[in-house]
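*Asks:* Using the hints provided, position chain B relative to the given structure of chain A.
Chain by chain, the residues run as shown.
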Amino acid sequence: MLGRETKITSSKFTAVQYTILVVFLALAYGLWRLQVGRNDEYAVRAEQNRVRRVPIVAPRGKILDRDGGIIVDNYPSFSALLLRDQVKDLNADAQRIAAELHIPAAEIIEKVHRDQLAKVPAFQPIIIKADITPDELAFIEAHREEFPELETMMVYRRLYPKDGFLANLIGYVGEVSEDELNSGKFDTYQRGDIVGKAGVEAQYNDMLKGRDGATKVLVNSKGKEVGRPKDPTVPFVIGQKLKLTIDIDIQKAAELALEGKNGAVVALNPRNGEVLAMVSRPAFDPNDFAVRISRDDWNRLANDPDHPLLNKAIQAQLAPGSVFKIVMSVAGLQEGIAQTMKVNCGGSAVFYGRVFKCWVLSEHRTHGVVDIHKGIYQSCDVFFYTLAERLGIGKIAKWAGALGLGKKTGIDLPNEASGVMPSEEWKIKNFRQKWYAGETISVGIGQGAVAVTPIQLARAIGGVAMGGTLYRPHVVNPTDVPPDFKDLLISNVPEVVHVPINPESWLTITNAMGEVVNPGGTAPSAHIQGVDFAGKTGSSQVVSNEFRKTKGGSANQFKDNSWFVGLTPRRNPEIVVAVLFEGGEHGKLAARLAAQVIKAYVDKQRQLRNNPTLFSDKTDPGSVPIAGVWNAPGTGDEQTSAAEEEHLQGGTLLLKVSGSKAFRPGRRVRLPAMGPAALPPQPGAPGKPGFGLLGWKPGQNRPSPGTPAVN
Amino acid sequence: MRRMISFRDFDWVLLAFVLLICVLGITEIYSTTYGTKFAGAHVKQIYFVLAGLALMFMVSLFNYQVLLENAHWLYAASVLSLLAVAFFGKKYLGARRWIQLPGGQHFQPSEWVKLVVILALAKYFSEEENDRGASLSDVAKAGAIAAVPMLLVLKQPDLGTALTYFPVAFMALFLGGIKLRHAAAILLVAGALAPTLWIYGPQLHLVKQYQKDRLTAFLNPDADSQKTGYQLEQSKIAVGAGGVFGKGALKGSQTQGSFLPEPHTDFIFAAWSEEHGFVGAMALLLLYFMVLMRLIHNAQTASDRAGGFVVMGVVAVLLFHILVNAGMVVGFMPVTGIPLPLMSYGGSSLLFMFLALGIVMNIRMRRFVN
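The listed protein sequences correspond, in order, to chains A and B. First residue of the first sequence? That's 1 in the working numbering, and the numbers climb one at a time after it. First residue of the second sequence? That's 712 in the working numbering, and the numbers climb one at a time after it.
For reference, chain A alone in the conformation it holds in the complex (with noise of 0.2 Å):
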């Protein structure tokens, strides 16, 4: 039998029994660690875990006109998505899916598979096809019972406008990328979003983005929606409006003016920055950015030679041509050199053991005795040069530089390009190489290294012509933007510049562009009858001619760019128009695009004001005396576009000669014989020290001291 009464000593007992209570003890220790001391942690991870939140895309804020007309909305878009745990026969229904949605099959069978295979929760729904067209949309509603596997998506898409209008200042949308998500500047945003990524849309991402709202669903573990909780949405906040300084009718003109060229518009007013138009073409359309742009058509316009998503207005870094001439004067005449300055152009001069040739040559003309005023409107390369010599090329770049040349103007647009302002300097730290004299005399008509923006060309031209305030440009009002989005505005470039140029060289200057489009400038043809319009034309290099001729010297491959620099009025202008036109060969063809735009304004302009004569050549607004003897042509005299026009500049690189210009006879007003009562009146001329502002009146012309050629 068993059962001997060797009993279990009590001490055993004991034992076991304090070790339950420290079993016990440790396990009460366990649960206050976690449920009193973490409580708050874990009730939190809790709650994270159990509430998804499905973001509730807010629509970007419209982009708006100055006058508050709107040009970029947003219009809601349909999205088809499938839900794979709803399908029965999917090969079956793919077919017809497909079908009436007008995507291949076997797309959608392969989105499915590919899920599958990726392990993707079933309940997690596939796009299949995104903004959907009504019909497609009818189709899914009225099929509901059907296809219960198929759903739709509402989001706000972005609607530009067509046909590229504004397209490069506006840029576009997208998703953001993983670059961007590591660059630090967006922080709050997540894979899927969707940024600002060129334009004004990238400048004034944070303003237009608004807040994205959000659905709250209680989730189990699976991530599948059990329910909602009791306040499920959080509404999304709409982006703010932007408000543009674009003038839509300016713009308008602007884009019609540029129609099937390649090249940028800029129009500025010099009086306080505001961009009024801005076009570059080739542009792109916006709208294929909306959805989703697809490789290949991103692979086109990214490879495009013609550079459609580049902003040309503000990327374009081209040599300005005979434009710099305007800065050659400023600097000319202020460091005191210009105004007695006489050369005689022979159509060309020898500088440095070379023979620099002027344009004028080409036509087997020439310049005969010019002083600072010929040497603008009849654009002397050879006046150019001499006064390039005489300055030496520190004081240009000084000037060229005070005036924004080779410097970022600080527009609102991102990847705004610098250009180059050459100077001894730059050209050891960039080609650690000493600075020739000879090229001293290239940059003297915009040529050689020297390469600008069409904004900073604008705006340098405009602040001459205001007499030398140079203001920040920018494409939106900064009264315009709400006090919480004042970062955006934080710029390391003054608002203000002023470049001291005294009233005389302002005159000087000022008058000889008005007479650029007057009979005996290099673009008559531009002229704008009753309008105060002035400007400098110029004409730029590509490449070099021997390049040129390498390439078979096709006629439309590496034509000249021409330029045109244009505003109204002459002296303290309300608008500026820089033209660049690309393979326009002619600054005169560049001249009457920035016309066309100016006249835009001006038309407007005198509607709005109810004043017929505003911008006229015939009064006097700004109560500064203007050249009125070239209004009235009259002679009958006519001549070739291509002798008052043709306009070529270059240094070394000059080697082009013209022999098939277009002759366009009975056109316009020949010049008058170039003698010295043909020069227009010239302030601060030499014999007449201290010739006042007001001093001068109309038909009191001055004859021309007729100094002989310094070279």
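These are calculated hints, taken from the structure and not from any lab test. Everything numeric in this text was worked out from a predicted model, so none of it was measured. Each hint should be verified, as a subset may be incorrect.
As the list claims (entries may be wrong) - Using C-beta positions, here's what the derived DEER-type ranges look like:
hint	chain 1	residue 1	chain 2	residue 2	range
1	A	Thr9	B	Phe1043	29 to 35 Å
2	A	Thr233	B	Phe1043	39 to 45 Å
3	A	Thr9	B	Leu730	30 to 36 Å
4	B	Leu731	A	Met154	54 to 60 Å
5	B	Gly902	A	Ala15	42 to 48 Å
6	B	Ala788	A	Gly37	31 to 37 Å
7	A	Ile126	B	Leu731	50 to 56 Å
8	A	Lys119	B	Lys755	17 to 23 Å
9	A	Ile126	B	Ala788	55 to 61 Å
10	A	Asn303	B	Lys923	36 to 42 Å
11	B	Lys755	A	Ala130	49 to 55 Å
12	B	Ala901	A	Thr233	57 to 63 Å
As the list claims (entries may be wrong) - Partial list, derived from the structure: chain A residues whose beta carbon lies under 8 Å from chain B:
hint	residue
13	Lys7
14	Ser10
15	Ser11
16	Tyr18
17	Phe24
18	Leu27
19	Leu31
20	Val36
21	Arg38
22	Arg45
23	Asn49
24	Tyr189
25	Gln190
Glycine included, every Cβ here is placed at the ideal spot set by N, Cα and C.
*Replies:* For chain B alone, coordinates are given in the frame of chain A:
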């Protein structure tokens, strides 16, 4: 039998605590399975409890001395049943632990084999030559009695249940008077073997890779937040989110959103803690504490040495289950498939407990028999 057996001697206090735990378990099973594919499990659990009660009364009438006398036959049958599972068992969730019974029920022999091991060890240590302290050969023999079924269970694989054989053997050796130096030697050998088993276990098919993973996850929970570490982490979140008073039945988000794995079986204590808070969890622990104390009391009052051994064997199993299960839930222990006795859903576990309680009652009712 020299005396009439009466239910007056039945331990009604112990039964009251046990039934209270069962009722709490049933309410929590209801809460955790509400709206899931396991809905209605609480009703089945009620049937298991009723069946368990019937079994308990039946066993209590049957003299445990008879069981002890036939312990070697029971032991042989146990080993055979485990072998049967190994060859004919039903595979479910990757483990072969169940035998399909007629009528759609499954039976898990490893549960009641535990009881047989308790009886076998009690018998071994009650025999005359073994009641004066355990010699080294006693230790080896007792170890072998526990080791054979344990290895068979380990092969199923069911690490959790296999581990429950350890405390049974340990308790028997402790009560049987193992010498301190033998105990120390065993611990040293085990400590030396553990790394070997850890490294070569999977190759020798003694330890499965997922079992290793569980322990790795326990030691370093951030390493795999989606697998075992995830389960432990979700359990801690559930318990922690419960706070002092809990979220209320059917309102625990971790439990109801099925973030908590196996909320009605292995992690029922976490579900309970989330929905009833620190107060509820402590109340439940107190009930278990009372049950254990009551069992020890019965062991002390047992009429013979073998009876004491059997009851203390039950104490060892119960304590080990509570320690490992609740310890896992609060993050002290790795994830093992050990249920919380009387609370967790499952017939086998519940029937084992009532069977064990039946024997305890049996021993108690015969405490004055001499």
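*Asks:* Work down the list of hints and note, for each, if the structure agrees.
*Replies:* Hints and how they fare:
1. Thr9(A) - Phe1043(B): 29 to 35 Å: Holds - the Cβ-Cβ distance for Thr9(A) and Phe1043(B), about 31 Å, lies within 29 to 35 Å.
2. Thr233(A) - Phe1043(B): 39 to 45 Å: For Thr233(A) and Phe1043(B) the Cβ distance comes to about 42 Å; the hint holds.
3. Thr9(A) - Leu730(B): 30 to 36 Å: 32 Å, holds
4. Leu731(B) - Met154(A): 54 to 60 Å: Holds, since Leu731(B) and Met154(A) (Cβ atoms, about 56 Å apart) stay within the stated range.
5. Gly902(B) - Ala15(A): 42 to 48 Å: Between Gly902(B) and Ala15(A), where Cβ atoms are some 22 Å apart, the hint is violated.
6. Ala788(B) - Gly37(A): 31 to 37 Å: 49 Å, violated
7. Ile126(A) - Leu731(B): 50 to 56 Å: The hinted range 50 to 56 Å holds for Ile126(A) and Leu731(B), with Cβ atoms some 52 Å apart.
8. Lys119(A) - Lys755(B): 17 to 23 Å: 33 Å, violated
9. Ile126(A) - Ala788(B): 55 to 61 Å: 57 Å, holds
10. Asn303(A) - Lys923(B): 36 to 42 Å: 55 Å, violated
11. Lys755(B) - Ala130(A): 49 to 55 Å: 50 Å, holds
12. Ala901(B) - Thr233(A): 57 to 63 Å: Given a distance of about 60 Å, which is inside 57 to 63 Å, the answer is holds.
13. Lys7: With Cβ-Cβ at 6 Å, under 8 Å, it holds.
14. Ser10: Status holds, d = 7 Å.
15. Ser11: 11 Å, violated
16. Tyr18: Cβ of Tyr18(A) sits 11 Å from chain B, so the hint is violated.
17. Phe24: 5 Å, holds
18. Leu27: 5 Å, holds
19. Leu31: 5 Å, holds
20. Val36: 6 Å, holds
21. Arg38: With a closest approach of 5 Å, the Arg38(A) hint holds.
22. Arg45: 5 Å, holds
23. Asn49: With a minimum Cβ separation of about 5 Å from chain B (threshold 8 Å), the hint on Asn49(A) holds.
24. Tyr189: Cβ of Tyr189(A) sits 25 Å from chain B, so the hint is violated.
25. Gln190: 20 Å, violated
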